Amino acid sequence: MDAVRWQGRSFGASPIQAANPADVARLVTTGVCKACDLTNANLMGEHLIGVDLRDADLTGANLAHTNLEGADLTGATLVDTNFTGAFLTNALLDNTVIQNVDFSDATLYYTSLDNAEVGPVILVGADVLSTPISVGGSYDQ
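Residues 421 to 561 in my numbering are what the sequence shown spells out, letter by letter.
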């Protein structure tokens with residue numbers, strides 16, 4: 421996290437909201453929000469490069485067009501989460517629960533999904549490279 425500066429970050433008119441506003445404040449000021457309650461958070465279009473969201477609850481969160489390059493979402497709950505157009509290169513989604521997630525037009529390069537529970541997802545227009553996720557059938561590494 422040495423290369424990321426969070427203090428003084430302005431989110432302009434972006435309506436960042438969540439079930440726990442203190443968790444959102446912690447995320448945007450430190451880049452670390454382990455086991456946070458970010459249910460229904462609107463983080464659309466934000467630059468969250470390298471953030472630590474391990475074990476966070478992102479149920480119903482809007483992360484459309486968000487840059488999550490190198491983010492650690494290990495153990496996170498991603499149910500009804502919107503990643504439309506998001507950038508998830510080198511992100512860690514290991515041991516996550518992924519159900520009813522929209523990855524339309526998202527970029528998933530080298531995204532790790534080890535031991536993830538993946539249910540229905542939308543991948544229309546997604547750009548996927550070296551990421552073990554598919555639209556059907558088995559995935560052989």
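A couple of the hints might just be wrong.
[Said to hold, decoys possible] Simulated restraints on C-beta separations:
1) 520 x 475: 18 to 26 angstroms
2) 544 x 455: 15 to 23 angstroms
3) 442 x 545: 30 to 38 angstroms
4) 465 x 440: 18 to 26 angstroms
5) 441 x 549: 31 to 39 angstroms
6) 547 x 446: 14 to 22 angstroms
7) 445 x 490: 15 to 23 angstroms
8) 441 x 529: 18 to 26 angstroms
Note that these hints are calculated values from the structure, not bench results.
Here the structure is a predicted model, which means the values were calculated and not measured.
Built from N, CA and C at the ideal position, the CB exists for glycine as well.
Outcome of the hint check:
{"no.": "1", "hint": "520 x 475: 18 to 26 angstroms", "result": "holds, 20 angstroms"}
{"no.": "2", "hint": "544 x 455: 15 to 23 angstroms", "result": "violated, 32 angstroms"}
{"no.": "3", "hint": "442 x 545: 30 to 38 angstroms", "result": "holds, 36 angstroms"}
{"no.": "4", "hint": "465 x 440: 18 to 26 angstroms", "result": "holds, 21 angstroms"}
{"no.": "5", "hint": "441 x 549: 31 to 39 angstroms", "result": "holds, 36 angstroms"}
{"no.": "6", "hint": "547 x 446: 14 to 22 angstroms", "result": "violated, 31 angstroms"}
{"no.": "7", "hint": "445 x 490: 15 to 23 angstroms", "result": "holds, 22 angstroms"}
{"no.": "8", "hint": "441 x 529: 18 to 26 angstroms", "result": "violated, 32 angstroms"}
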